[in-house]
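Each chain, written out:
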Amino acid sequence: MKKLFILSLISFIPTALFCQSVYTNVFEAKQDIKKGSLISVENVMATTKQKQVNIETLEEFKTIEELFTNTRFKLFASQDILKGDLITPQNTAYTAFKKPVLDRQIKPDTRLYALPTPFNAEQKIKAVDILFKSDGQLKTLAANVKVLGKRRIKKKIIVYIQTDPLTIQKICSYREKGTLAVKISDNQSDK
Amino acid sequence: MKYMKSLIAVLVFLIAFVSLNAEAVNDLFLGQKIPFSYRAFPLEISAEEASMVSAGSRIDILMTFQAMLKRSGRSISQKGEIVTVTLLQNILVLETSKIQNKNYIFVNITPRDAQYLALAQEQTLNISLRNPKDRKIAPMPVAFTED
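In the order they appear, the protein sequences are chains A and B.
First residue of the first sequence: 22, per my numbering; consecutive thereafter.
First residue of the second sequence: 47, per my numbering; consecutive thereafter.
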């Protein structure tokens, strides 16, 4: 009975070690990186040194690995890093990257679509009307479409609209056909 | 009661194994993330689309193209109409990447869907984001521009 218990425990330990060491990546500088520079795939590479690193250190590296796979963060060198040095929390710092996490807010049977607008960053936008310009006339494609978020990309304000899949298909068709006009809904109620 | 301790030990082992593997999934290289019988397909997307997706997102892929449509009471126009179809639904994004200022996502699709997507790349492709818990796949009508 005791033997079986001990055997189970013993079998657990190498499995835990194996899982950690196989799946965790460690990075090293493939060139000198100056303090304040962005850490990216351009200047670091995965290294084979991971076998030398103990479990405690791997826990730290896990955060670093997240920064490469999860673009919600940007990683910078907090000090000069020499070619061959390991990338660690001690020689790096990361900042929050303004990538919105919106997918969990999307209601069932609706989709989120990114739409460029002429708005400025200060404007509060809860809902928009989407119109199509044709022969000097405006045709409303969708009215009072809920906006879940906005972001500035390349000097343009992008709004993330939540609407049904068919309306999004329609918007795609009209975007291909010509120019869309987006205006803030008069009635800014949540749809 | 006799085997209770060993049963608990085995349970602890199983729970630890599963939780360790679940955490490890995020740390995999792209090749390791692809389930058996699936493929990772690179898809170029616009900067605004890239701003709303990340690894783990669920998306629909839409294709916009010109088509000759015959609708009731109307003749076929010579120029063709611009139509949009939902090509693939509930597709998992395995990874996002920016290469030479172009945004790419690697989507998890079957080899058959990869063939369709390779063909569709000659047309305009858009993506829409869905709630990751909303896995419903429904037949979608074609959307066209009305004259």
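I should point out that these hints are in silico values taken from the structure, not numbers from a laboratory.
Note that the coordinates shown come from a computational prediction; the quantities given were computed from them, not determined experimentally.
Even glycine gets a Cβ: it sits at the ideal position worked out from N, Cα and C.
One or more of the hints may lead you astray.
[To be verified] The list that follows gives simulated cross-link-like pairs (lysine-lysine, PhoX-like), each with its CA atoms no further than 25 angstroms apart:
no.: 1; chain 1: A; residue 1: 56; chain 2: B; residue 2: 182
no.: 2; chain 1: B; residue 1: 148; chain 2: A; residue 2: 176
no.: 3; chain 1: A; residue 1: 175; chain 2: A; residue 2: 154
no.: 4; chain 1: B; residue 1: 148; chain 2: A; residue 2: 160
no.: 5; chain 1: A; residue 1: 104; chain 2: A; residue 2: 145
no.: 6; chain 1: A; residue 1: 160; chain 2: A; residue 2: 147
no.: 7; chain 1: B; residue 1: 144; chain 2: A; residue 2: 104
no.: 8; chain 1: A; residue 1: 104; chain 2: A; residue 2: 154
no.: 9; chain 1: B; residue 1: 144; chain 2: A; residue 2: 177
no.: 10; chain 1: A; residue 1: 167; chain 2: B; residue 2: 182
no.: 11; chain 1: A; residue 1: 154; chain 2: A; residue 2: 128
no.: 12; chain 1: B; residue 1: 116; chain 2: A; residue 2: 171
no.: 13; chain 1: A; residue 1: 176; chain 2: A; residue 2: 198
[Unchecked claim] Every beta carbon over 12 angstroms from chain A, so not counted as near; a handful from chain B, in silico:
no.: 14; residue: 85
no.: 15; residue: 88
no.: 16; residue: 90
no.: 17; residue: 156
no.: 18; residue: 158
no.: 19; residue: 167
Here's how the hints hold up against the structure:
1. A:56 / B:182: 48 angstroms, violated
2. B:148 / A:176: 17 angstroms, holds
3. A:175 / A:154: 24 angstroms, holds
4. B:148 / A:160: Violated: residue 148 of chain B and residue 160 of chain A sit about 33 angstroms apart, past 25 angstroms.
5. A:104 / A:145: 47 angstroms, violated
6. A:160 / A:147: The given pair, whose Cα atoms are some 21 angstroms apart, holds under the 25 angstroms limit.
7. B:144 / A:104: Answer holds: residue 144 of chain B to residue 104 of chain A is near 24 angstroms, not above 25 angstroms.
8. A:104 / A:154: 55 angstroms, violated
9. B:144 / A:177: 19 angstroms, holds
10. A:167 / B:182: 21 angstroms, holds
11. A:154 / A:128: With Cα atoms ~29 angstroms apart, residue 154 of chain A and residue 128 of chain A exceed 25 angstroms; violated.
12. B:116 / A:171: 39 angstroms, violated
13. A:176 / A:198: 24 angstroms, holds
14. 85: 19 angstroms, holds
15. 88: 15 angstroms, holds
16. 90: 15 angstroms, holds
17. 156: Non-interface label on residue 156 of chain B holds, nearest chain A Cβ at 21 angstroms vs cutoff 12 angstroms.
18. 158: 22 angstroms, holds
19. 167: Residue 167 of chain B clear of chain A: closest Cβ-Cβ about 15 angstroms, beyond 12 angstroms.
In summary, the numbered hints that this structure violates are 1, 4, 5, 8, 11 and 12.
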